[in-house]
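Novice: Chain by chain, the residues:
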Amino acid sequence: MSHPSGHAPVVEMTGITIEFPGVKALDSVSFRLFPGEVHALMGENGAGKSTLIKALTGVYQIAAGTVNIDGKAVRITGTDAAQKAGISTVYQEVNLCGNLSVAENIMLGHEPRFGPFISWRALKAQAATFLARLHLDIDPSSKLSEHSIAVQQLCAIARSTVVQAKVLILDEPTSSLQQAEVDELFAVIRELRDQGVAILFVSHFLDQIYEISDRITVLRNGSFIGEYMVSDLPRLQLIEKMIGRSGAELEKIDKTSERRDPQQDATPIYQAAGLGKFGKVENVDITVHPGEIVGLAGLLGSGRTETARLMAGVDRPEHGETSLRGKPTPINDPKTALKNNIVYSSEDRKKEGIIGDLTVRENIALALQSLRGVWRPIPKAELDTIVERYLTALRIYPANPNMLIRNLSGGNQQKVLLARWLATQPELLILDEPTRGIDIGAKADIQRLVVEQAREGMGFVFISSEFEEVLRVSDRVLIFKDRVITDDLDNAEHTLTSTDILHAIAALTDAKPRDAAQPATHATVTKEHNA
Amino acid sequence: MTAPTVTTTPAPQGAGSPQRSWGDRAAKLWHRMTTPSTLPLMGTLVTLILMLVIGQMRYSTERRDFVSIKLFSNLFVDNSYLLVLAVGMTFVILTGGIDLSVGAVVALVGLVIATLLPTGLPLVIVLPLAVGIGSLFGFMIGVMVHYFSIQPFIASLAAMFLARGLANVVSVQSVGIDHDGFSALAGWSLKFGEGRDIWKINSSMLVAVAVLAVAYLLLHHTRFGRTVYGVGVGDRGNAIQLMGLNAGRTTLWVYVISGTCAGISGVLFAFYTKSGFNLTGIGMELDAIAAVVIGGTVLTGGAGYVLGTFLGVTVYGLIQVMIAREGLDSWWTKVFIGVVLLAFVLLQRAIARKKVR
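Those protein sequences? They're chains A and B, same order as listed. Each step along the first sequence adds one to the number in the numbering used here, with nothing skipped, and position 119 is 126. Each step along the second sequence adds one to the number in the numbering used here, with nothing skipped, and position 11 is 17.
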């Protein structure tokens, strides 16, 4: 298949193989990238997308295979070599320095200099123009860590446009962005594409893939599945190729919306009245019954995560009463919560979830061990059974309990975290963005699991930025707006739609951002996420 | 293949335009001074001023003020070697590392000078050689940390034992330095004022100030310096590496700088004591670390200022002076350093907590 415009590919990777201890991350994968196209790299979590990208950007060394850039075979020895070859990258997780200013983060490595000395004035001015292209109105001399993750992500993207790259790689650039920011980003992507830049785009949002890309390469389990023009590949087929299962199985995701019976009349597992903490959330009333899934919906920074943290004692509530199974019980720290069978899975997988240098098995054992105390180690046989059960039940890949968890893909790490909490047999599981940045297959697995557990009587609080997902699993949806609950929507029959939620949120939304002190990234939305 | 180029575009409106009002500037300066990253530095400054005020009230006589140029002159005659040491240490600590070898290197360098000078080797060879010994030790630690991923604590501990051991091999006794050129260099000074108010600038002070100035330029105005800050956060330099900068080489250089500073400091200490001794500088590395931390640099890396280190050394020196004025035993210096250090670490902790919230 040749490119319609007849260009030669700017990047051509053939027979790429990469091995990690215990797993073949890529097995003879081929990949082409043409100038002036947006090329989507698709695959489930663990399919090898990030690995292929890191092979191209010189983070990982290639065990076998060749990389041609502009028709010439090159050996990319490191990240700086990749940049010199004209490859610019925005990685999945924000990989910038929080202690440096926004301007430095954007310009470092390409800073204007007088002799050896950085010209600060020029640096700030140049950084400001790159920010302006993304319509990001923040002070270039402010510290990067002062900004929300979404803004940091946009800064990373601004950085990638500093070098006039031939190839721009965007690995999940939109996972923490609001729609308006995605639109700005796409405008920039189109502009660059028209200038002849080849853009490699990875996203788990299918809508975005179909909106922006020209061509799709699909990977599965580290192998190359195929390369297709977007117009030749309808969504359903794409998903089938990604997960290697038929469409019928996918239907199951929707089957999860079958009516269950939350035991509304039973004593609530968890009941909070007037829960709050200054500057976080105010006067939150939440009740969770056995077998009930309560969805929290709202914009980023509206108080969803803050509420979850108060519920689980991660942050100490300043006021409010909580009672568990009808008995007043204050929850001031995570340990108390754990002892009372309430667990919280954080949205920040990397920092507050996994412990990268421990194995999958050890990561699963953590919460259970902490519940039992230091002096009562879990017998090996018992732990083996538990680990084995969850590896199979959650379809964790690779199913090797002795692998370091940091070598797993994001979706599989998330599944391990779920296993960790489920192993403690909680009564209330609070899931904060459990499916962020993971693919449709893993997402379906997780959603199915939540519904199954609920059927057996476990209570859930489910937080997600994707309203569809909240609606699919929840029996009740609480709407957050500006740090208070503004609405409580019944979804027992699964009749709610995203539009309903949007209306509920919009019902009280002023036209202008409320908190003017925060640097607004866009006229319609303020968010403050990393408080 | 065209090389990637940096697009240069005109400055946007607003940034750096000269017609900003003074009120604006003052507000901005105030804001900058009270951000979490500068608060420790402000803490040091306030402590210093407080100490000077107390000193002025307690020790001034009718004829002479406590706070005078002479005070600072004496302070830096006594502590220029420590300033150089602490400046080098600042680089290392900014990357989240530590260098425990510097005190032992000071001893080794002093003894090497004391042994080589009587052999007739000229000063212009001996002094650079002495400094080079420091650089070599730094390089060694850097290689261990970067290429073999050994923790800085262990790597520099090994280097410390090696340097201290070698110092003992050279001599187990104090060796006096009796060399005309050396004495001239050590004793050179510019004198100002008259009578009892006489104060001076000596060669050690000039060297220390030069080291400080170079370090400031390097840290705050070069790519290398900014990379040093970057290595201190973000996945042990991973972020810097992914940004296409060379984290590994930076780590290596940081230790070379610290080692070189230890070498220079060894020369200055030899100037100061006019001898070499194998037991010199035991615990001196800890004094340097204390001065760096008091100066507002965070031990976990990524935040701090080399000028803060200057303030830290000044506080350290001032404590010594005040203890002496009180007529207390010199061990009380350690007690007060301990107290001040504890206060500053707690301050850093409080700021870090506030940031998290």
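If you're looking for bench data, these hints aren't it; they were derived computationally from the structure. Any given hint might turn out to be false.
As the list claims (entries may be wrong) - No farther apart than 30 Å at their CA atoms in a straight line, the calculated lysine-lysine pairs in the BS3-like style are these:
#, chain 1, residue 1, chain 2, residue 2
1, A, 488, A, 150
2, A, 358, A, 488
3, A, 358, A, 346
4, A, 248, A, 346
5, A, 150, B, 34
6, B, 76, A, 287
What the hints assert, rightly or not - Computed footprint of chain B on chain A, listed as stretches where at least three residues anywhere in the stretch have a Cβ under 8 Å from a Cβ of chain B:
#, stretch
7, 118-129
8, 194-204
Backbone N, C-alpha and C define an ideal beta-carbon position, used for all residues, glycine too.
Novice: All the hints need checking, so say for each whether the structure fits it.
Specialist: Now the hints, each set against the structure:
| no. | hint | result |
| --- | --- | --- |
| 1 | A/488 - A/150 | holds (28 Å) |
| 2 | A/358 - A/488 | holds (26 Å) |
| 3 | A/358 - A/346 | holds (23 Å) |
| 4 | A/248 - A/346 | violated (44 Å) |
| 5 | A/150 - B/34 | holds (14 Å) |
| 6 | B/76 - A/287 | violated (54 Å) |
| 7 | 118-129 | holds (count 9) |
| 8 | 194-204 | violated (count 0) |
Hint check: violations occur at hints 4, 6, 8; the rest are consistent with the structure.
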